[in-house]
Structure formats: structure tokens, C-alpha cells
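Engineer: Sequential numbering of the sequence shown, starting at 19, is according to the working numbering.
Hints were generated in silico from the structure; no laboratory data involved.
A portion of the hints provided could be inaccurate.
Derived DMTMM-like pairs (lysine to aspartate or glutamate); straight-line CA-CA distance at most 20 Å [to be verified]: (1) K180 - E167; (2) K180 - E64; (3) K68 - D55; (4) K68 - E177; (5) K68 - E176; (6) K68 - E167; (7) K106 - D208.
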Amino acid sequence: MLGQITESVVGWGSGFGLVGLAVVSATEAALQPVPPDLLVLPMSLEANSKLELLAIFLVATLFSVVGSLGGYAIGLYAGRPAIEKLAKPSLSRKLDVLISRYGNAGVFIAAVSPIPYKLLAWTAGAGRMDVRTFVSAGLIGRGIRFGMEVLVVGYWGEEFMKMLEEPLFWIIVGVFSVAAFIPLNAWWGDLDGPADEHRQQN
Numbered sequence: 019m020l021g022q023i024t025e026s027v028v029g030w031g032s033g034f035g036l037v038g039l040a041v042v043s044a045t046e047a048a049l050q051p052v053p054p055d056l057l058v059l060p061m062s063l064e065a066n067s068k069l070e071l072l073a074i075f076l077v078a079t080l081f082s083v084v085g086s087l088g089g090y091a092i093g094l095y096a097g098r099p100a101i102e103k104l105a106k107p108s109l110s111r112k113l114d115v116l117i118s119r120y121g122n123a124g125v126f127i128a129a130v131s132p133i134p135y136k137l138l139a140w141t142a143g144a145g146r147m148d149v150r151t152f153v154s155a156g157l158i159g160r161g162i163r164f165g166m167e168v169l170v171v172g173y174w175g176e177e178f179m180k181m182l183e184e185p186l187f188w189i190i191v192g193v194f195s196v197a198a199f200i201p202l203n204a205w206w207g208d209l210d211g212p213a214d215e216h217r218q219q220n
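Please model the complete structure; the sequences and the hints are all you need to start from.
Structural biologist: Structural data, given as C-alpha cells:
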């Protein structure tokens with residue numbers, strides 16, 4: 019089911035260029051599950067100029083943050099009970115603790131990482147996080163995420179694709195992944211505590 023949705027959204031977005039990227043970026047940050055990265059990467063690879071790469075970066079970043087304000091509004095008006103119906107309670111609790119413990123750094127982490135950005139936006143809205151802090155952290159996080167993708171694929175696309183064919187590349191990636199997984203998994207598991215407890219500590 020998710021595969022069909024992804025294929026449909028990516029196919030539709032690809033046909034409309036930057037407009038499609040804008041729509042997918044905005045809606046992913048508020049509602050739908052298909053990340054704009056699936057458009058950013060191929061569009062960057064096919065870009066013919068630095069101006070096109072800049073446009074891809076700006077559209078993905080700005081519209082993702084604009085869309086996250088829609089997610090923020092959903093959390094603000096629907097509240098935590100609705101969020102817990104839309105997301106797994108354990109994930110919702112972790113995101114609540116992430117924001118209460120780390121504040122704008124928590125938003126930055128979600129904006130850069132594979133953590134669903136819309137769920138973080140819902141949680142930020144439900145917790146009535148300062149909107150300016152939410153937006154600024156999102157801009158930095160999303161900017162770094164999409165900026166790295168555009169830079170790597172747009173400027174070193176062919177070289178990067180050749181690297182993917184080298185066994186040594188995947189050995190290095192595997193070693194770093196295992197080394198990073200252990201502390202990150204422990205940190206993620208530590209986000210299971212009640213959010214109110216962390217609010218009292220801050």
C-alpha cells in the first residue's frame with residue numbers, strides 16, 4: 019500500500035518539476051508519508067546548471083518548513099489525543115520527550131534525520147512550542163539535509179554513483195553505521211520517559 023502511494027506521489031511530482039517538488043515537500047511536512055528526498059535526488063542529478071540546483075534546494079527547504087506549519091496547526095488544534103490516534107503511542111511519546119528535553123535542537127534533529135518531520139510538527143503544535151523557534155530550527159535542519167543531497171548528487175553525481183559500485187565504499191559505510199547505531203539506539207531508547215518529567219527539570 020505504502021509502495022503504491024510512494025510511486026503515485028513521486029510519479030505525479032516528477033511530472034510537475036519544481037511545482038511538484040513544492041507540493042510534495044509541503045504536504046510531507048504536514049500529512050502524507052512520501053519524503054521529498056525522492057524528488058530532490060533525481061532532480062539534482064538531472065540539473066543542468068547551478069541555478070537549477072539552487073532552485074531545487076530552496077524549493078524543498080522553504081516549502082517543507084511552510085508545510086510543517088500546517089502540521090504544527092494540526093497539533094495545536096487537534097491536541098495530543100488525536101496525535102496518538104494518528105501515530106504509534108511509543109513514537110508520539112518519544113517525540114514529546116525529544117521536544118521537551120532538547121527544544122529547538124530536537125526540531126533540528128528531526129529535520130535532518132529520518133524521524134518523520136510531520137509527527138514532530140504535530141507534537142510541537144500540541145506542546146505549543148514557540149513558532150519562531152520551531153521555524154528557525156526547521157529551516158536550519160531542512161536546509162542542511164537538502165543542501166547535502168543537492169551538493170553531493172548535483173556536483174558529484176557521476177563520481178558518487180561510481181563510488182556506490184565500489185565494495186570498499188559499502189564496507190566503510192557498514193563500519194560507520196554499526197559504530198553509530200549503538201550510541202544512537204541507546205539515546206533513542208532513553209526518550210521513553212514521560213515528557214512532563216523533563217519539563218520540570220528544565
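Engineer: Each hint needs a verdict: does it hold in this structure or not?
Structural biologist: Status of each hint after checking the structure:
1. K180 - E167: holds, 16 Å
2. K180 - E64: holds, 16 Å
3. K68 - D55: holds, 18 Å
4. K68 - E177: Judged against 20 Å, a Cα distance of about 17 Å means the pair holds.
5. K68 - E176: Holds, because 16 Å separates the two Cα atoms, which is no more than 20 Å.
6. K68 - E167: holds, 14 Å
7. K106 - D208: holds, 17 Å
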